[in-house]
Structure formats: structure tokens, C-alpha cells
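Novice: Each chain, written out:
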Amino acid sequence: MRWLGVLPFLLFVGLFLLLPTMHVVVGAFRTADGAFTFDNVLALNQASIINAYWLSLRVSFFSAMLGCAIGFAMAAAIVFGGLPRAIRSPLLTFSGVASNFAGVPLAFAFIATLGPVGLITVWLRTEFGINLRAMGFNLLSAQGLIITYLFFQIPLMILIITPALEGMKREWREAASVLGASGLQYWRMVALPILFPSLLGTLALLFANAFGAVATAIALTGSSLNLAPILLFAQIRGDVLGNPGLGYALALGMIVITGAANTVYIVLRTRSERWLK
Amino acid sequence: MTRFIAWTVFLLGCLFFFLPLLGTAEFSLSMRREGYTFDAYRSVLANENFRATFGYSVVMALMTIAVGVLLVVPTAYWVRLRLPHLRPVVEFITLLPLVIPPIVIVFGYIRLYNTSSFLPLTGSTTGTNILLLFGYVVLALPYMYRAVDTGLRTIDVGTLTEAAQSLGAGWVTILARVILPNVLVAVMSGAFLTFAIVIGEFVLAALLNRPAFGPFMQLIGANRAYEPSALAVIAFAITWICMGLISLVSRFTRHTRAER
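Chains D and F, in that order, are what the protein sequence lines are.
Heads up, the first sequence is in full-length UniProt numbering, so the first residue is 1 and it goes up one at a time.
Heads up, the second sequence is in full-length UniProt numbering, so the first residue is 1 and it goes up one at a time.
Okay, chain D solo, but in the shape it has when bound:
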């Protein structure tokens, strides 16, 4: 009887979240007529697919690393840097907006700014004679994608790490300095070890966040950049790889990667909560 209250919810998530996902996972190990097989997964072992995954992994990793570093620096600046308290809340509000501003419009914004005729590109060329293109910069490339992803990665980092930084107790710093620790020693031996699980966990989350993003990439580069989600998109649209079973295997690969990254995040998050209460 008590279970009846959550039945609609369970039915809904069962039909529209769990079952479709399971179907993809199981489908990766099935032939066209339903027999068990490893062929689909083994078929992933071809140059174009491995390149797509490798490029996706690199873009996600670097955008997560840079997002983490810059977001951390900004959060540290507003929490410890002696900046007026009044800028904290607007920055967090903006971070809330920007971390949700992914997708097609974000790509447009960067094309208008750093694209071939974008604001900064033109400004640098006419005012300083700096030709970004000649210097090897191209927005419609992995580099450009990383810079574009930073627009939602940095705010996400700020949103997650600011509470952690605010949870650092003043007493720890005082205790360290009473014992004769320098600022650097305090950071190296007290603050960073405490923050480390949070930092690593957020890195994993940002990684998963970038890995699953597809709308920004498609709007920015068309289908010219060979990323795993773009490949899957094209495969769903029109079976570009000539093997219907391969779509399942591609999707399974994505679940495994984002799933692993999120597991790391969840595990490390519970660890960091021990300290930062």
C-alpha cells in the first residue's frame, strides 16, 4: 500500500530513463536477430572511432582541467582574496546562469567573438596586426571547442568549489601559523589535502559534463570535428558507419566513460563532506 505512492514515479523513470538505458547497454551485446555477441563492442576498434573517442577524451580532459584551475582561482579570489563581499553573490548568480548556458547559442556567441570575423579576431587584426588564424588558432577546432566549453565549465567549478572553500575553518589556518607554518606550508600541508577530494571530484564532474555535451559542438563545427557524441549523433541520424549494432556500442562507450567519471565524483564528494561540514 505504501508503495503505491511512488508507483507512478517508478513507472515513469522505469519506462523513460532506466529501460531505454538498459536497452542501449544490452543492445551493445546483441546481434540483429537478438543473439549474444561481442562483435559490436569489438567493432569499436577501428581508427575513426578510436580517434573520435580520443579527441573527445582530450577535449573533455583539457576543458575540465582548465575549468577547474581557473574556476578555483576565481573562487579563491572571492573567498580569500580580500575582495569586497558584495561581488560574491552576483558572481554566484552569474555562474548559475552561465553553467546552464550551453548548447547552440553558446556556439554562436563564440563565433561572433573569436570566429574568423568575430569581435576580438577583427580587433586584434586591425589594431595590432595580430592575425590569430596565421598564428594557428582556429575556433572550429579542438582548441576552439575547449575555449568555448570553458564558458560553462568555469562557472560550474565556481558554483561547486565556493561552498567548499567557505567551509575551510579559520582555526585550521590559525593552528598552522601557531605551529610556525608559512602560508605556503599551510596550503601545501593543510588546505590542499583537505580540498583535494573536492577538487578531484569536481574535475571528474566537469569531465563528464564536457564529454556528454553535443549541441555546442555540432553548432560550432557542424559535423566536421570527429567527436564521440557527434559520431553517435550521425550514426543515429543515418547509420553512417554501415553497422546498426555499432550505435549501441558507441553509446555504451559513452555511458561507461561518463558513468566512471561520475562515480569518481560521488565517491570523492562523500569523502570531502567529512571535513567540510
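The hints are simulated quantities; they were obtained by calculation from the structure and are not laboratory data.
A couple of the hints might just be wrong.
To be verified - In silico negatives: residues of chain F with every beta carbon more than 12 Å from chain D: (1) N47; (2) R51; (3) A52; (4) L62; (5) P101; (6) I105; (7) S124; (8) T125; (9) D156; (10) G158; (11) T159; (12) E162; (13) G168; (14) A176; (15) R177; (16) P211.
Stated by the list, open to error - Pair by pair, the computed Cβ-Cβ distance ranges are: (17) D:L124 x F:S250: 38 to 46 Å; (18) F:E48 x D:A86: 40 to 48 Å; (19) D:E166 x F:S124: 49 to 57 Å.
The beta-carbon is built from N, C-alpha and C at its ideal position, and this holds for glycine as well.
Take the given structure of chain D and dock chain F to it, following the hints.
Specialist: Chain F alone, transformed into the frame defined by chain D:
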């Protein structure tokens, strides 16, 4: 010295966020050589497909919010009241849409609910619309559930329920007239976020072939020069308005709570 570094870091960061916004705004206004005009906006707003797809996405967003509220509020309420041991499980399930990429979920839909399946939703337009709607509800689930659950935490669910029951209220009355008004602010902040997400969503609508705003924007981006920037400005404004409404609404609660 540290304060100097802090300011430098902060301002450089702000510059990174400010420049693309400036670039987009500037680009959207420079359709003519002579000077700034609103021609790109005029052209976008006059586009019939803009109105059609935007209208479609707005309706979808509102329906997503309605279905999401109907699904999440009773569940979160019931879990708090009667099945507290189930909370971690439900919470975990609601976070799954953040873990599984949307493109994988929609791939599952297309394969699972095609014309030859037990639930042939993709076989008809209405069916596909429903499937897209439910997909959006799934995408909104993490935000919606968290918002409502946080709202429920601030009220005494057990006492309110007992009080309502002893006055003879049934479950529907309790939910609609006691619980929902109490968590309305939380529901609304979830709703605005859902609205912002659904309006710009691309992957689900594109792969299910529905005429939504996201795929329209992508199409414009591939074919036009200045209109995309105008669309980006519009999309960003919508996101801002939604977030502004969230913070307005949550300021509202603090006020009512102080009075109590």
C-alpha cells in the same frame, strides 16, 4: 600583494565571460555596414519558423513543467512521509539524467519505442510529441526533484498531513491545498530552470525530428551570418530572465518565512 593578485584573477575571469557576450551583442547589431541596426532581430522575429518553433518550445516547456510537478511533488512528499529509507534510491535515480548523456537516452527511445515495438510512440506525431515531452521531464528531473525536496525540508510534512487528515482531507486535497502551496516557491524555481533548459534543448528535438527552437537555431546558424547572434542574445536573455525570476521568487520566501 595577495589582494592585487585576487583582483587580477577576478577581473581576467570576468573579461572572459564578458567578451563573448559583448561580441555577440555587437555582431547581432552590425548587419549593415553603415552602423548598428536591429535588422538581424527584425529578420529573426519576422521569420515564420522562429515564431512556430519558439511557440512549440514554449508549449513543450510549460507542459514539461506541469508533468514534472505532477510527478515530482507527490513522489517527494510520499518519500519524505512514508518511505524515508527509499530517499537515497529516489535521489540517485533523479540524478541519473546528469550521468547518462541525453543523446544516449534519446537513442534508447528511438530504438525502444519505434513502430514495431510494444509502445510505438515514434509512429505518430502525437506519440513523438509525448515522447519528447517525457524526455524533457527526464532531463528536468534532477533540478525539479532537488528544488522540491529542498522545499519540503523547510516544512513539517508529518504534522501538516496529520492536521489536514484530522480535518477530513483526502490525499488529493492534502497535496493540492496543503503541500503544494507550501513548496510553491521551490517548485517555481525548479520550473524556471526547466523552462530555460527546454527552450534551448537541441539533441532530443533534433533526433526525434520535432520542430523545436533548438534545432531551428542550429539551422539558422548553419545558413545565416548575423541572425544567429541575435538568436544567441535572445536565448541568453531568456536564461537571464528565468534565473532572475528564481532569485526574485526565493527572496519572496525569505520574506514570508520571516513573518511566520
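Novice: Next step is simple, just say for each hint if it's right about the structure.
Specialist: Checked hints:
Interface exclusion of N47 of chain F from chain D stands, the closest Cβ pair being 15 Å apart, more than 12 Å. With a least beta-carbon separation of about 18 Å from chain D, R51 of chain F lies farther than 12 Å from that chain, consistent with its non-interface assignment. Taking the minimum C-beta to C-beta distance to chain D, about 17 Å, the non-interface status of A52 of chain F holds against the 12 Å cut. No Cβ of chain D comes within 12 Å of the Cβ of L62 of chain F; the nearest lies about 18 Å off, and the non-interface call holds.
At roughly 4 Å from the closest C-beta of chain D, the C-beta of P101 of chain F falls inside 12 Å, breaking its exclusion from the interface. At roughly 6 Å from the closest C-beta of chain D, the C-beta of I105 of chain F falls inside 12 Å, breaking its exclusion from the interface. Non-interface status of S124 of chain F relative to chain D is upheld: no Cβ of that chain comes within 12 Å, the nearest being about 17 Å off. Listed as outside the interface, T125 of chain F is consistent with that label: its C-beta sits roughly 19 Å from the nearest C-beta of chain D, beyond the 12 Å cut-off.
The non-interface label for D156 of chain F is consistent with chain D: the shortest C-beta to C-beta separation is roughly 19 Å, beyond 12 Å. Listed as a non-interface residue, G158 of chain F keeps its Cβ farther than 12 Å from every Cβ of chain D; the least gap is roughly 14 Å. T159 of chain F, annotated as away from the interface, keeps every beta carbon of chain D farther than 12 Å; the closest lies near 18 Å. Against chain D, the non-interface label of E162 of chain F holds: every CB pair exceeds 12 Å, the least being about 16 Å.
Against the 12 Å criterion, G168 of chain F stays outside the reach of chain D, whose nearest CB is about 20 Å from its own CB. Here A176 of chain F stays apart from chain D, with its beta-carbon at least about 15 Å from theirs, past the 12 Å limit. At roughly 18 Å, the least C-beta separation between R177 of chain F and chain D is larger than 12 Å, which holds for a residue marked as non-interface. Here P211 of chain F stays apart from chain D, with its beta-carbon at least about 15 Å from theirs, past the 12 Å limit.
Range check, L124 of chain D to S250 of chain F: Cβ separation about 42 Å, and the 38 to 46 Å hint holds. Range check, E48 of chain F to A86 of chain D: about 46 Å between beta-carbon atoms, so the 40 to 48 Å window is met. The given range of 49 to 57 Å is respected by E166 of chain D and S124 of chain F, whose C-beta atoms sit roughly 52 Å from each other.
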